[in-house]
Amino acid sequence: MAKWLNPRSALGLALIAAVLVALPFVAALGGQAWVRIVNFAILYVFLALGLNIVVGFAGLLDLGYIAFYAVGAYVYALLASPHFGLHLPFWAILPIGAVLACGFGVALGSPTLKLRGDYLAIVTLGFGEIIRIFLNNLNAPVNITNGAQGVTLIDPIAVGGFKFSAASQIFGLTVSGPQKYYFFLVALALLVIVINLRLQHSRIGRAWQAIREDEIAAKAIGINTRNIKLLAFAMGASFGGIAGGIFSAMQGFVSPESFSLIESVMVLAMVVLGGMGHIPGVILGAVLLTVLPEVLRYGVGPIQQVVFGKVLVDPESLRMLIFGLALVLVMRWKPAGLWPSPERRRELAETRAEKL
Amino acid sequence: MEILLQQLINGLVQGSIYALVALGYTMVYGIMGLINFAHGEVVMIGTLVTISVAGLLLKLGLPVALAGGAGLLAAVAVCMALGWGLERIAYRPLRNAPRLTPLITAIGMSIVLQNVAMLVWGRNYLTFPAIAPKAQFEFAGASFTAVQVMIVLVSALTMAGLLVLIYRTRLGMAMRATSQNPQVASLMGVNVNRVIAAAFVIGSALGAVAGVMVGSYYEIAHYQMGFMLGLKAFTAAVLGGIGNLAGAMAGGVLLGIIEALGAGYIGDLTGGFLGSHYQDIFAFIVLIGVLMFRPSGLFGEKTGDRA
Amino acid sequence: MAEVLLRAAGVGKHFGGVKALRDVSLTIGLGEVYGLIGPNGAGKTTFFNCLTGLYVPDGGAFDFAGRPLKADAPHQAAERGIARTFQNIRLFGNMSAVENVMVGRHVRTGAGVFGAMFRDARTRAEEAAIRRRAAELLHYVGIADRADDLAKNLSYGDQRRLEIARALATEPQLLCLDEPAAGMNATETEELRLLIEGIRRDGTTILLIEHDVKLVMGLCDRVAVLDYGEKICEDVPAVVQKDSRVIEAYLGGSVA
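Residue numbers (the numbering used here), protein chains in the order written: chain Y, 1 to 356; chain A, 357 to 663; chain S, 664 to 919.
The shape of chain Y in the complex, shown without the other chains (with noise of 0.2 angstroms):
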């Protein structure tokens, strides 16, 4: 480990751990929803790191992934709020998310991951919205879920009397509540970069690589590519269930919307348009894609204002449509991602050259 620490990383990462303690308080400057949106930016890069396991490592597409948000979520919502007067602390909450995320994994996995590709998309993305739909619809005869109203009044995140949800001095310095998850999410983001980058270099990841390179010389060589596969499947659910379960005690609130299939593709999007299995450019792609829509959000009308004198064109379908022309475009001109690996971007260029 000590071998990468000469001076000029050293300062790089000082630099980095600068900009990630400054950015809560420089975003604040903009009002505290726009720290809320880099809360969610940073809950995004979990979600897609974990993704990544799944379709960069093991090369499953999966597009029914925020099925297992979802699950964590629910898991959350329901064990720590008045819906059922129950209110456990998050430390307990969050690695039952994990495990039941991780069950659903395993149980939707063991039958399919022998499926083609494509198949298995499309099976996944069925659970998906089967899971979607249960919690839509849950809550009759016996509310379990509370249907498609949802579960309110969710406990934050809280260590003892110290709630997140609440802005407290701290050295004398204020920090909100927001303010307070976000640490709690870079935290929890750099612990699942480590464990990306670790699994990555492991006998594991390399069993991974192995099966998307060739499945039939993988198993020859004694790898048991079901287990294997499924391995990255239920990881990839588990942090699924941990990412649900904060965003529930970030929002405090949790309806079945939250989990169309539109946002799994979203995850999807992040990991392909930053750079499959790439883990700086899956980051890169889970702030791009959080980030940018909201800054259309509040960049549309108001520009539309100055150059016309009026708004024009409703500002939600203005920038949605540019979001579904940046993946076009970016796709286009990138198509191994906006910052893919050096061996992938390598391959690219090679087939490229070969079918000349």
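Since the hints were derived computationally from the structure, they do not count as laboratory data.
Every value quoted in this text rests on a predicted model; they were computed, and no experiment measured them.
Heads up, none of these hints are tricks.
Below are the DSSO-like pairs computed for lysine-lysine, each with C-alpha atoms no more than 27 angstroms apart in a straight line:
{"no.": "1", "chain 1": "S", "residue 1": "Lys905", "chain 2": "S", "residue 2": "Lys877"}
{"no.": "2", "chain 1": "S", "residue 1": "Lys815", "chain 2": "Y", "residue 2": "Lys334"}
{"no.": "3", "chain 1": "S", "residue 1": "Lys733", "chain 2": "S", "residue 2": "Lys682"}
{"no.": "4", "chain 1": "A", "residue 1": "Lys490", "chain 2": "A", "residue 2": "Lys415"}
{"no.": "5", "chain 1": "S", "residue 1": "Lys733", "chain 2": "Y", "residue 2": "Lys114"}
Computed footprint of chain A on chain Y, listed as stretches where at least three residues anywhere in the stretch have a Cβ under 8 angstroms from a Cβ of chain A:
{"no.": "6", "stretch": "106-116"}
{"no.": "7", "stretch": "124-133"}
{"no.": "8", "stretch": "266-276"}
{"no.": "9", "stretch": "319-325"}
Non-contacting residues of chain A with respect to chain Y, defined by C-beta distances greater than 10 angstroms in every case (computed):
{"no.": "10", "residue": "Ile359"}
{"no.": "11", "residue": "Gly417"}
{"no.": "12", "residue": "Asn480"}
{"no.": "13", "residue": "Pro489"}
{"no.": "14", "residue": "Ser499"}
{"no.": "15", "residue": "Gly517"}
{"no.": "16", "residue": "Ile522"}
{"no.": "17", "residue": "Arg526"}
{"no.": "18", "residue": "Ser535"}
{"no.": "19", "residue": "His578"}
{"no.": "20", "residue": "Ile614"}
A virtual CB, placed ideally from N, CA and C, is assigned to each residue, including glycine.
Using the hints, position chains A and S against chain Y.
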């Protein structure tokens, strides 16, 4: 018994629509291995174009049949152009890209089309003009409408036409050859670019017809309607074995019938625990079940590993 | 003959109407180099695929090191000690040479997800051992200097060697080589012969499919000949070479 027959009729009607849409997915997938996520949106645009054109013509006082026919033609024309444009602009540059790249592009195009539709036609539900006859029939205790009959007939005719095209024309032969092996096909003088474009254009035309059918069946349309419809239709295509035309047709009809029966009987099956609002999960549960036992779909070819 | 390592009894496999293997029985002794030859399409690779679990045979059974071999699980064949190479080289192209061999250690190592996450002392020691062993094996097959090159960028001969190194990494008792000399020139073939002899000397039994008759006759202790999925002959090379059925199979009936 009457209820069963009624559910079967409803399922057949809904299934015919699924089948038409599923063909669009399966043709494109069969030829280039791409899930064209934007296909559902093409269907939606077909419906909305018909609403505008037929609605306008009706307002001008044209006879119903003429206005309806013009609406259908306009929808087919617009969708064909759209399908061609999608392929040409969005997908063709990505032929050699990593497998997931065109999928993300397809998702992007789907978002773009939805929002364009919202800008053009607005956020609200639109009423589909009454271009279909309004008669109602009774048969063995089950009732069905002229619209339902029309949907089944038009779908059957369209699909028959497609089969003739695929199995009796040079273009069809070129398409079948390309789906077997694009490289070899191109060596044999098939213009692969043209074949792929044709698959998009034909699939979109079928989608437009389906869009008109959906509109006249539910009498209502919306810029988001294409999404679930596309999802179900794609499920139907996979159910039948993707890439397989007959499979898509059978899968569509089967899915429609399963859904109708499921929605009708789920209450009884679960002792009232689950109600008919679970209709949408049948498609996916059946899909997962089928793929577990037949990994290539009901009519798909077995693809074995080769060393 | 020495102790028996592999016994195939009545193995059959058909694809649709084509009988690729009919009732093939053979035994390979511990420490032997056993050749499997025959004209193209005789069923040699099919036999390999059945043995290594890629195909499930329609009939018959394999006994390996005294215990039956489960037919439908390729990873278990490797676990039991059967490693193979492929006729059309199947390396992990975008992994480096050393990583290819490291993956080969998968089946003999055990670090899991938690080991990877926490990098405890045991995992670190295992990882170091994997790396060390991979380097040794690259050296053994003679491509140590290409360790960090991507597998797909190696020359054809080096790719063959790398595939053998990867197979050896699984610590096989039986190494199955599917036409290792295909496409090699005389010098490369000679180097390959030396390598195979070395592997045998170091105690690994070898099952060899090969078209290069000179190589087979020079290397193998015993040879079996397949024709149209049937074993038509099995003996020491000198006898096989003179067998009339073998000559007929290779040259066609009319000439013989």
